[in-house]
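A.B. asks: Residues per chain, in single letters:
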Amino acid sequence: NAGVTQTPKFQVLKTGQSMTLQCAQDMNHEYMSWYRQDPGMGLRLIHYSVGAGITDQGEVPNGYNVSRSTTEDFPLRLLSAAPSQTSVYFCASSYAYSSGSTYEQYFGPGTRLTVT
Amino acid sequence: TQLLEQSPQFLSIQEGENLTVYCNSSSVFSSLQWYRQEPGEGPVLLVTVVTGGEVKKLKRLTFQFGDARKDSSLHITAAQPGDTGLYLCAGGDDYKLSFGAGTTVTVRA
Numbered sequence: 002n003a004g005v006t007q008t009p010k011f012q013v014l015k016t017g018q019s020m021t022l023q024c025a026q027d028m029n030h031e032y033m034s035w036y037r038q039d040p041g042m043g044l045r046l047i048h049y050s051v052g053a054g055i056t057d058q059g060e061v062p063n064g065y066n067v068s069r070s071t072t073e074d075f076p077l078r079l080l081s082a083a084p085s086q087t088s089v090y091f092c093a094s095s096y097a098y099s100s101g102s103t104y105e106q107y108f109g110p111g112t113r114l115t116v117t
Numbered sequence: 793t794q795l796l797e798q799s800p801q802f803l804s805i806q807e808g809e810n811l812t813v814y815c816n817s818s819s820v821f822s823s824l825q826w827y828r829q830e831p832g833e834g835p836v837l838l839v840t841v842v843t844g845g846e847v848k849k850l851k852r853l854t855f856q857f858g859d860a861r862k863d864s865s866l867h868i869t870a871a872q873p874g875d876t877g878l879y880l881c882a883g884g885d886d887y888k889l890s891f892g893a894g895t896t897v898t899v900r901a
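Residue numbers (this note's numbering), protein chains in the order written: chain Y, 2 to 117; chain G, 793 to 901.
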């Protein structure tokens with residue numbers, strides 16, 4: 002199992018450009034999420050999905066779009082990049098643990114994005 | 793959003809010393825998780841605690857969930873340089889976890 006894979010690992014964009022961060026998992030997990038990690042702020046949830054065809058907004062969704070056409074893939078789109086979106090982005094997948102109310106997250110290696 | 797506060801923010805100790813990291817909230821969680829993250833990598837799950845007062849041991853790491861399920865601690869005995877990393881706590885009642893800002897632990901050889 003490759004687990005959760007993300008591409009690219011590094012990316013530099015100019016303000017106003019758009020791009021898609023790719024995420025795939027091979028563990029057949031129902032739940033997938035995108036987080037951004039900024040110094041001193043921990044991980045903040047951008048968007049999440051509870052299954053193919055179902056997505057919803059997290060804590061910081063503005064400027065990002067997602068779709069989930071298959072169980073395996075969950076791409077994150079930056080519509081018009083801004084310097085405030087400079088961050089490290091992590092994709093995660095999870096499944097229900099134990100009684101069904103605990104969800105353990107499996108993270109990808111991250112994409113380091115710089116917007117100039 | 794349920795807020796999780798971790799302390800201290802940074803911790804630097806000598807190899808062989810013990811350390812404790814804290815995770816506190818005003819909210820009650822059905823479960824709480826601890827992750828470790830190394831530079832350039834994604835967080836990796838260490839443990840999940842689900843019962844108030846629960847204590848779990850993972851080799852030299854001891855995790856405790858508070859009786860009221862609002863706080864947790866991570867204790868490392870005889871720390872080694874391999875324990876260096878960012879320790880994150882996360883809590884939630886469903887798949888939408890809230891993460892603390894993390895404690896950066898450095899163990900000097």
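Note that these hints are calculated values from the structure, not bench results.
Ideal Cβ positions, reconstructed from N, Cα and C, are used throughout, including at glycine.
Be a bit skeptical, because a hint or two may be false.
Partial chain G-side listing against chain Y, Cβ under 8 Å, derived [to be verified]:
#: 1; residue: 847
#: 2; residue: 888
#: 3; residue: 894
Here are some, though not all, of the chain G residues that point toward chain Y, as calculated from beta-carbon distances under 8 Å [stated by the list, open to error]:
#: 4; residue: 833
#: 5; residue: 834
#: 6; residue: 835
#: 7; residue: 837
#: 8; residue: 838
#: 9; residue: 863
#: 10; residue: 867
#: 11; residue: 887
#: 12; residue: 889
#: 13; residue: 891
#: 14; residue: 893
A.B. asks: For each hint, tell me whether it holds in the structure or not.
C.D. replies: Evaluated hints:
Hint on residue 847 of chain G is violated. Least Cβ distance to chain Y is approximately 17 Å, over the 8 Å limit. For residue 888 of chain G, the suggested interface contact is upheld, since its CB lies about 6 Å from the closest CB of chain Y, less than 8 Å. Because the smallest distance between the Cβ of residue 894 of chain G and any Cβ of chain Y comes to about 6 Å, under 8 Å, the interface hint for this residue holds. For residue 833 of chain G, the shortest C-beta to C-beta distance to chain Y is roughly 6 Å, which falls under 8 Å, so the interface hint holds.
Given hint, residue 834 of chain G at the interface with chain Y, holds; its Cβ is 3 Å from that chain's nearest Cβ, closer than 8 Å. At its closest, the beta carbon of residue 835 of chain G sits 5 Å from a beta carbon of chain Y; the interface hint therefore holds under the 8 Å criterion. With its C-beta approaching chain Y no nearer than about 5 Å, residue 837 of chain G sits inside the 8 Å limit, and its interface hint holds. Against a cut-off of 8 Å between C-beta atoms, the interface hint on residue 838 of chain G is violated, since the closest Cβ of chain Y lies about 10 Å away.
Because the smallest distance between the Cβ of residue 863 of chain G and any Cβ of chain Y comes to about 16 Å, over 8 Å, the interface hint for this residue is violated. Look at residue 867 of chain G: its Cβ only gets to about 21 Å from chain Y, farther than 8 Å, so that hint breaks. At its closest, the beta carbon of residue 887 of chain G sits 4 Å from a beta carbon of chain Y; the interface hint therefore holds under the 8 Å criterion. Evaluation of the residue 889 of chain G hint against chain Y yields a held restraint, the C-beta minimum of about 6 Å falling below 8 Å.
Hint on residue 891 of chain G holds. Least Cβ distance to chain Y is approximately 4 Å, under the 8 Å limit. The interface hint given for residue 893 of chain G is met, as the beta carbon of that residue sits about 4 Å from the closest beta carbon of chain Y, less than 8 Å.
Comparing the model with each earlier hint shows violations of hints 1, 8, 9, 10; every other hint is respected.
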